[in-house]
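Number of protein chains: 2
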Amino acid sequence: MSVDRENLESVLKRRFFYAPAFDLYGGVSGLYDYGPPGCALQANIVDIWRKHFVLEEDMLEVDCTMLTPYEVLKTSGHVDKFADWMCRDPATGEIFRVDHLVEEVLESRLKGDKEARGLAAEPDKSEEKKRKKKVKEIKVVKLDDQVVAEIESILAQIDGYSGPELGDLMKKYNITNPATGGPLSEPLEFNLMFETAIGPSGQLKGYLRPETAQGQFLNFNKLLESNNQKMPFASASIGKSFRNEISPRSGLLRVREFLMAEIEHFVDPLDKSHPRFAEVAHIKLRLLNKTVQQEGKTDITEISIGEAVSSGLVDNETLGYFLARIYLFLIRIGIKPDRLRFRQHMANEMAHYAADCWDAELQTSYGWIECVGCADRSAYDLTVHSNRTNEKLVVRQTRETPLVTEDYEVDFDKKKFGPKFKKDGKKIEQYLTSRSQDELEILATELEEKLKISVNVDGVDAPVEIEKELITISRKTKLDHIREFTPNVVEPSFGIGRILYSLMEHSFYIRDGSESRAVLSFPPLVAPTKVLLVPISNDDKFTPFLRKISAALRRLGISSKVDDSSATIGRRYARNDELGTPFGITVDFETLTDESITLRERDSTKQVRGSIEEVVKAVQSMVAVEPVSWEEGTVKLTPFTSEAEE
Amino acid sequence: MSVDRENLESVLKRRFFYAPAFDLYGGVSGLYDYGPPGCALQANIVDIWRKHFVLEEDMLEVDCTMLTPYEVLKTSGHVDKFADWMCRDPATGEIFRVDHLVEEVLESRLKGDKEARGLAAEPDKSEEKKRKKKVKEIKVVKLDDQVVAEIESILAQIDGYSGPELGDLMKKYNITNPATGGPLSEPLEFNLMFETAIGPSGQLKGYLRPETAQGQFLNFNKLLESNNQKMPFASASIGKSFRNEISPRSGLLRVREFLMAEIEHFVDPLDKSHPRFAEVAHIKLRLLNKTVQQEGKTDITEISIGEAVSSGLVDNETLGYFLARIYLFLIRIGIKPDRLRFRQHMANEMAHYAADCWDAELQTSYGWIECVGCADRSAYDLTVHSNRTNEKLVVRQTRETPLVTEDYEVDFDKKKFGPKFKKDGKKIEQYLTSRSQDELEILATELEEKLKISVNVDGVDAPVEIEKELITISRKTKLDHIREFTPNVVEPSFGIGRILYSLMEHSFYIRDGSESRAVLSFPPLVAPTKVLLVPISNDDKFTPFLRKISAALRRLGISSKVDDSSATIGRRYARNDELGTPFGITVDFETLTDESITLRERDSTKQVRGSIEEVVKAVQSMVAVEPVSWEEGTVKLTPFTSEAEE
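Top line first, the protein sequences correspond to chains V and S.
1 is the number of the first residue of the first sequence in the numbering used here; add one for each residue after it.
1 is the number of the first residue of the second sequence in the numbering used here; add one for each residue after it.
Source of the hints: derived by calculation from the structure; they are not laboratory data.
Do not rely on the hints blindly, as some may be mistaken.
Identical copies look the same in the list; a pair holds intra-copy or inter-copy alike.
[To be verified] List time: in silico DSSO-like cross-link candidates among lysine-lysine, alpha-carbon distance up to 27 Å: (1) K205 x K81; (2) K51 x K617; (3) K426 x K111; (4) K415 x K426; (5) K561 x K427; (6) K476 x K297; (7) K548 x K51; (8) K561 x K205; (9) K136 x K476; (10) K414 x K478; (11) K142 x K416; (12) K297 x K606; (13) K114 x K420; (14) K230 x K13; (15) K415 x K111; (16) K541 x K230; (17) K205 x K240; (18) K468 x K414; (19) K606 x K476.
In this text the structure is predicted, and so the values were computed from the model without any measurement.
Assemble the whole structure, with the sequences as input and the hints as a guide.
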């Protein structure tokens, strides 16, 4: 279970899976480049994702721009809410994240108090290292008992304060720059989006998108049209998003530029069943529900998604369907089932509009990491964009039976009404037609009883009296043939970089018995390179065979690499075990006579022998979209033993 | 040849190939979203690109960040040179591109002068429309003959002025805001990169990359290591780049955010041969060389790339190899050979460091458009980054025979030298050891003849005299076993969006005989969807057959769409001709009895009939990486005639 992270990271660096971007220039934290194996692994994960979700379900894939104008993200809520609170030291220019600073300073005072009272504070070196603490020195000062109690209460709810509240705490407790004692600015909101200016005037403010979702929402009408107006349907998008983290750490898990794959499944709010739910209902998931968490526990319930939905634990079939599909995807690319759980959001972490939200979390040496979010965003996004732009983003469906409604309506006797009220007529008419049904009911009764009504109309002096002969207020029956509704959205959202890193941790092991022989046991489907080709020596006479094999593999779309360096075959295999290459083909002197070659499997190090054609065919069956096992794939080949592993 | 652009654009919009991004919010010029067919077309082009270049030649693909710190782009030259000159009207805030403004104003004065002289100015309405002219009104004012001559000379070289020179012209000719007559600011450089701030302090200035190349150069050492130090090799990268155009137009051809695919092929500057050049030497290309252009002509030379390289027209084999490979790629995805040419850069458009540069240009209704650049960037990029960071970016090779050099060297008699010059000793020593070979030769002669030398050393008062007993300056023989060199870079750089748009123009036609039946005749390999499935009616009994066929296709990785709408089969086919779907399969009443289905080809509208298995197999052979023709693919199927087309 525990991963030797230092060893893993050394392999990933040595093999250039990824590296800090711009390290020649000292690097920029939170930015990483993917080298050839990392890039191929990423491309394979994306390719499987596209087949598993987009092609399998006929989703409508779009590619929208990253540059996004201010207005769009203002409407979506990101300009106001995608932020952390910061304060600045005007003297040094240093910047602090306010909640972290207040927490740290108050914690240090509690520690100083403990020491003053002769109680040992617990050491927390690892914590210190992790958090890059701003407070370097604990001052031994005894506090009043009452102050200690106050501070303890504040710390218990530190995540719940708003920026201004944090500012009040800074004043009350005289919190300054821990290094210099200098005063700090009021808390300012620091938005986590990268800002830029579009066009030459600098007047069109824009951001790099924080998610791919908004582009999909904005294209809703075109997508619905592309889908011949049929519901439900899903759009999907794969692309980079950005988040200007204050102080990124944890390697690939918290970065400023990252690849996302997002699905927006549009569904009728009155019917969130899913036509293919039955296909996945039996799948068992490890769920960590919100009730358990609210009790401060982390117990997992392992139940089928069918049960989870029918018991109400998961809000609806569509959400449940996607949880199961996410599970199947992650397992398919090599995530270990016992290191995957679905954690439900608690009420206080969920957006107010969300109906339900579950994160697929993967266990890594950094803890349980959110890698896929799956939220029911309700009609929120379509509604806010529609309200802001006055463009309808709705589905119109012909009702099987028309909806019958009976409403109060006001009719005017124009011939009498106009002359009577003259220039005020328009205002009065508008006033009456914009009344609610409840108000109209009262007015109708009044008119019936008193034969006139008396109303106050904005912009018209004195109460207006209207006699019964001028208007009628009566109930009328209407037939509504078209149902118009704003769809709800179920959004599975994948952080590809986080999945990729977790997969590397889940796949990493040190081969038993041979020291420092690291292996990345990627499933063939995702492995960066499928086949390593090794000639027994770098003699030219092996070249035609290597060419023939790699051409045959290339025709089948199977990636291979030749290693004709002078290292021993064992060393060359070891190098490729580190790259996660699942199969190795050896060309040796026997090949020259009978064209037979050896095929080796990375994890078992088992070997078999056969003709070029047979071996290529075996490889093809084992790297297929629906791959067969080694035993099945090589059943027709001859087992082979060699000393090559050493 | 001529394309009905209005008609094409209406199809592309209706079928949501692409659309202006954020059009719900009024749009942002230069930003486009790709809808489902555009996105699939783009993905297919990228996929073929990756197979054609990266996999075929074992290139090392990397994925580097778009966010790039200031220092990197300062070093690469983009901060200083990736810019246009602008000026601003402080009163109105309006912004002008200075060279365009000066040109336009001076041209309008020449016209006004012509009118004043009673000569008719040529009408140039189309030009006016294209350029969105700032000068709306021509003032009829006669100029001095001398001024006319001056202005004509200025206009002839308008592209050659620097910003300050343009500023001088504005002063000299009193050029103001044409609309208001108000004064304008001095010319300012407007950098075309999008700027942003990385991290919370706002102090780390960054840009969105203008090309993917820099990330590849910065990772050179890691890539060379990944390639086991072998040369030559290539890296490749596919990703978005950005350019903050002043006033984007021409649809997808000039946008602010675009997908690029770039290759950096690293090669020994002393040996630019290419091991696979022989494979392409026979390929004939349509070349527009620089000599022809300098004569003001556009005549094409059609010769084999072998001849072009051996005659020196194309600088070297590696460059020539890539020109041929670019040609093969473009033809493969459906570009028309007669609408493709390679234009050589003239001396004044090429960067000073470039050895040679050719653009693959595609003919569109907007003219000949640069879609792929192929430049020999020499050692420029690696050299500047290495100089800036003091990190070597070089290849080290063991020489077969060591290099023998004989150089002057200075030896000091430390015992005498130190005591004599005391604190100045270090400076004098440093001065002497940093002399060039030529200087050392002169000093050696002086020492020999005068038995002492006299030198001026910075920071040491008065000339320093050094006697022969303190130093020797003599020639020494050295053996150099390692050759160290900075590789040159040949860079094929593809603008995927421009290729995609050109391909749409090249593929578009109106079917003879039936009005407004538009067809996009994409080759099957790139077509967004390969197969349309149409049941003859939307009766449920066809569903099992549709499911069976689409499952069979999906297993083979072939994308298909069902259209079970109530439109006639002919109308459904017509809709899919607009989407460029190459094949249609009809399920009809006969299918219910014998499982036979009809296969239709988009361009010929020919139809054949066979079993599900036979038809799927035929489709597979025609959409393969190396596809067979319709005739070949359907040879075993029965020709079929129906009335469905109407």
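Hints versus structure:
no., hint, verdict
1, K205 x K81, "both (17 Å within a copy, 24 Å between copies)"
2, K51 x K617, "both (23 Å within a copy, 21 Å between copies)"
3, K426 x K111, "neither (71 Å within a copy, 55 Å between copies)"
4, K415 x K426, "within (14 Å within a copy, 112 Å between copies)"
5, K561 x K427, "neither (80 Å within a copy, 55 Å between copies)"
6, K476 x K297, "neither (57 Å within a copy, 78 Å between copies)"
7, K548 x K51, "between (30 Å within a copy, 18 Å between copies)"
8, K561 x K205, "neither (47 Å within a copy, 40 Å between copies)"
9, K136 x K476, "neither (75 Å within a copy, 58 Å between copies)"
10, K414 x K478, "within (23 Å within a copy, 111 Å between copies)"
11, K142 x K416, "neither (84 Å within a copy, 69 Å between copies)"
12, K297 x K606, "neither (44 Å within a copy, 67 Å between copies)"
13, K114 x K420, "neither (82 Å within a copy, 67 Å between copies)"
14, K230 x K13, "between (49 Å within a copy, 20 Å between copies)"
15, K415 x K111, "neither (83 Å within a copy, 63 Å between copies)"
16, K541 x K230, "between (62 Å within a copy, 20 Å between copies)"
17, K205 x K240, "both (20 Å within a copy, 20 Å between copies)"
18, K468 x K414, "within (13 Å within a copy, 123 Å between copies)"
19, K606 x K476, "neither (82 Å within a copy, 59 Å between copies)"
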